[in-house]
Amino acid sequence: MKRLKQFAYHEPTTLADAIGALAAGGPTARVLAGGTDLIVDMKIDRLPTTAVVNIKRIPGLVGIEDLGDATRIGALTKVTDVEESTLVKERHPALAAAASILASPPVRALATIGGNVGRASPASDLGPALIVSDARARIRGVEGQRDILVEDLYIGPGQTSLACSDIITDLVVPNPSPGFGSAHVKLGKRGSGTDIAMAGASASIIIRNGVIEDCKVALASLGPTPLRATIAEESLRGREAAEEALAEAAVAAAEQATPIGDIRASASYRMTLARVLTLRALRAAVESAEERGAS
Amino acid sequence: MTTYVGSRVPRVDSVDKVTGHAIYGVDVALPGMLHGAVVRSPYPHARIVAIDTSAAEKAPGVKAVVTGKDFPHLFGAAIKDQPFLAIDRVRYVGDPVVAVAATSEREAQYARDLVRVEYEQLPAITDMRLALADDAPLVHPDMHTYERGGHEIIPHTNCNTLYRYQRGDVEAAFAEADLVVEGEYSAHAVSHVALEVHVAVAQYDQFSGDYTLWVTTDRPFFLRDDLAGGLGVDGSKVRLKVAQVGGSFGAKGVPIAEAIAAVLARNTDGRPVKVELTREECLIASQLRVPAIMKLKTGVNKDGFMIARSADVLWDSGAYTAYTVGVAIRGSQTIVGPYRIPNLRILSRQVYTNKAITGSYRGYGTTQVTWACESQMDEIARELGIDPVEFRLQNGYEEGDSYLNGQIMHGVGLRETIETARDEIGWGSVDRAPAPHLRRGKGIATMIKPTMTPSSSNVVINLGEDARVQVVCAAPEIGSGQDTVLAQMAADAVGVPLDDVSVPATDTALTPYNGPVASSRTTYHMGNAIVSAGNEIKGKILELAGKTFGVDPDYLEMRDGEIFDGEGELLVTLKNLLARYHGEGLSLTAGGRYTSAQSQLLKANPGEEWISSIFWMLCTQAAEIEVDTETGVIRVIKVAASADVGKAINPLTCEQQIEGGVVMGLSNGILEDFKISNGRIENGTLADYKVATIQDMPEIVPILVESVHNEAPFGAKGIGEPAAAATPPAIANALFDAVGIRITDLPITPEKVLAALSEKKEAEPGD
Amino acid sequence: MTIHLESTINGRSVGINVDPTLTLLEVLRENLFLIGTKEGCGVGECGTCVVLLDGTPVTSCLVLAGDADGRDVETVEGLAPDGELNEVQQAFVKSGAFQCGFCTPAMVLSATALLRRNSSPNEEEMKQALGGILCRCGAYPKILEAIIAATGEGA
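Protein chains in written order, with this note's numbering: chain A, 51 to 345; chain B, 128 to 894; chain C, 10 to 164.
Take the hints with a grain of salt, since some may be wrong.
[To be verified] When the alpha-carbon atoms are kept at most 27 Å apart in a straight line, the in silico DSSO-like pairs for lysine-lysine are as follows: (1) B:190 <-> A:55; (2) B:424 <-> B:879; (3) B:196 <-> B:364; (4) C:103 <-> B:765; (5) B:702 <-> B:802; (6) B:887 <-> B:422; (7) B:879 <-> B:765; (8) B:196 <-> B:185; (9) A:55 <-> B:185.
Just so you know, these hints were derived from the structure itself, not from any lab.
Input sequences plus hints: build the corresponding full structure.
Here it is, written out as structure tokens:
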């Protein structure tokens, strides 16, 4: 059986204590949220870890709350609960969809939204969906509390702009405007799902009077971080939500992608997927907007 | 008349398995047991310059640290080429170098990381195509000095197996042929991924010199002899106790965890040592399916009859031969397929490379060669303009045909498997796909496989004074249901209720010799032994009943624990009969033995009898798939899998084997894909080596064809291996049907499909 | 260092001191001798270590011991407490929904959890629910058949 190496274990009950333990533990102290990435990284020696700060005893980090003009999702909310939340499904279809295809059910039941964001995997399912939903992460650190756009959190594979002692406490997703629709699609090595993305795409769209007023596209496994496809977005603004426009945007998204070739897929195959999946995500986002009453 | 044979009874291991009570190898724990961990080579080929174990020896809990120099023995089934621990050089990434035993597994793993090994890297051969080049580095420069069986090698090269076969005049036939089709096909290395990892507990008694191992294996006696051979002791000095086996598929037959555990146990003053590999170790350092590159050339006449075939097959054993020699020989014969072809020429060579060890894998070479054979069958049929089903029917073996060595084949239900698979899939029509970027197609593939011949099985059947029957044999339950079918056959042979029959776990010190639970041979061979012993016990009981009641035993019959007279009236129950002799403590024992060695069925051309098989496995699958032409992703919609089982002892377990074979074939064929760079497996985790889940499962329709075999117990042949072989070519042929592209190198990945589609588009811009 | 766990395990209150650097899987198998739960990969990819945590299937190889404190843990050993197989187990027996049996505890637990939540799932939902557990023997068709039977639909 694969054994964990010894490490110091902390179960703080307040954020202040947790931040203190992380600060004291230095760069090899880790926040334990769901554990579905951290424990794996520790077992396969991918991430040197001398201290684990389990933040699950800290109250207030779990749950999905309607703030009126936004949805607050506690960082320790399980991916399963994001997937099943009526509020999330109604307001942010891309996020619900991304949550529903992340890993497998027994892993989703452990994995947390905050952990997934903090892990900063380029292949993250939730990252692109949060980005196209304009989500912000609420951070607590030594200096106090601050909000950062999820998009600005990612700086490289597995790297965020957060300090070692920072803790993501919430994700706050603003309510969408009228005419909004969003979607997330991905392709893993098993076409059936239950898999890490070879590539993925999230899209959100706002359609008014048949015209695309705004649009966001973010890609998974197509760059060092979850990646905005801004040229594709720009190309769609002001146009009718017709197939031709979507197809052109998909080509633009692929041009902005900077995939690597790795054990999961070659760079050129990922380029193809960037176009195909962006197009599918855009089509699905338009469909979602129409279902939600856009006209 | 049978009571249990042929009936869909629930498996006898049901309750143990659905309650989690079954004890597997990983569950074995003994008093004072230590735990092992292994230092492995990070290089494909290197000389060991120095090993520093001092820090590991001082680490907490450590009881033994062993290097190859401490234990310089070699083992190997066909060639003794494999050290227990690397002695002076490492030959693949993952080669065991140092073993550590400690009081806990965590301590062992901690100490393992403290061992320092200094290597000097050597040039490595990691591409089998280059392994026979004049300047290729040699993986085993001393191969010619190793102890080995009678097969041919090419000394002072990397070729560890050379086999040729010829019949008729192939070149003349090619010249005469109306059409000659040539192609190169390759089958990749895949992992067995038995969900239970490789594990063994070993204990050494320094006074007797006996080794006892608690193992999870499919071939206890072969493994015992392999180990004993390596340890330099008689087979009787090594005792294997077999726990439940959490899947094998050919994986669990060679010393892997067993070798390390035995070495450590020699150094722990009698304390038992458990060695349990991690999944990552299993993926890179247990054994894989033998990769093969197959050049195949076939000549046919315009009426669609096959007249000649030549095959040049290159196999890659990896760093050590394990069970690959037989794969390279038997497998290459099977590339002829289940077809009558008068002129044949086969060249098979297997090479060492500095890569992961390969070995036996469900089908023993058949999955690889079936890929080549059945892909090319489709190509030929399409070039000739003949329906692929008709082409196969026209050339396929029928009852009484002779195999390539002249053996008259018996129990040949090939035609019926083709026809039933064809009908079930709805051959000739294709459903429209639900969207324009999706395309559907259907494909068919057959397969043939011999079973290990000759081989033998022995059993002891005990009928206790309590009227319960024990079937004592070394046929571990590896998941395929042998405990159930053996118990069913024993219940009918003796004439007792199935509930009163048990099949105790294998212990090589107690259970009589058996060949492996491999090659789909158990039902047939052990079944024959059981019928023989069971009938003997029944005879003794009827004699006793006759004597007791003053009737002629010839007129008596026993079924389901009841003894009937000539009129069919109940005379006495077995329990009551035995109760009369309670004071004498009557229990009966009979031994049963079956060997195929002397069978008349094996007669063949002089000198070629060894190619005969005591029975032939035949199977046909037809697949319907849907291709996403934008992503290259294949969804298998349905597989009709028809197998000639001779006689289904239990239709349930036959279906399980067929369904499981299709799932494995699909998984091997379109999902599993090792990325190997300079001999190193880069995706050696289940996160990146993808195995089919229930969500990948197509509709599977298992079809049982029963062409009864006269020498078989109740007519039953084997079924464990065939189903996995036909699935990948059936999918590939369906892919061609759907979109006109042919993938010849496994696996059929979305990337390859997409690349082939765009190549086709460029070639036919008007399409 | 040890931590104290107060958990409900298979319906019984259990209080134990354990090393907090162990996983729930290790605690179950090695401290509590509930060996029906198996490890197949240790990294959440094979699903054989699935147990029910507060009724939900989770991969116990990725759960640290401390996270079981105060929780309800159910393993395969808890499904037939009085020697009577539950409906899913009975259906697995009848359909022959296993071969080597190594994944069976996880399959049975996951299917049981699914049916407690949703007494009449469709086939897609069944496949979804079991999509994280590998069965290399390929017992999938019969597993699906068994779950359908356990819903009463297959009768």
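Among all the numbered hints in the text so far, which are the ones the structure does not match?
5
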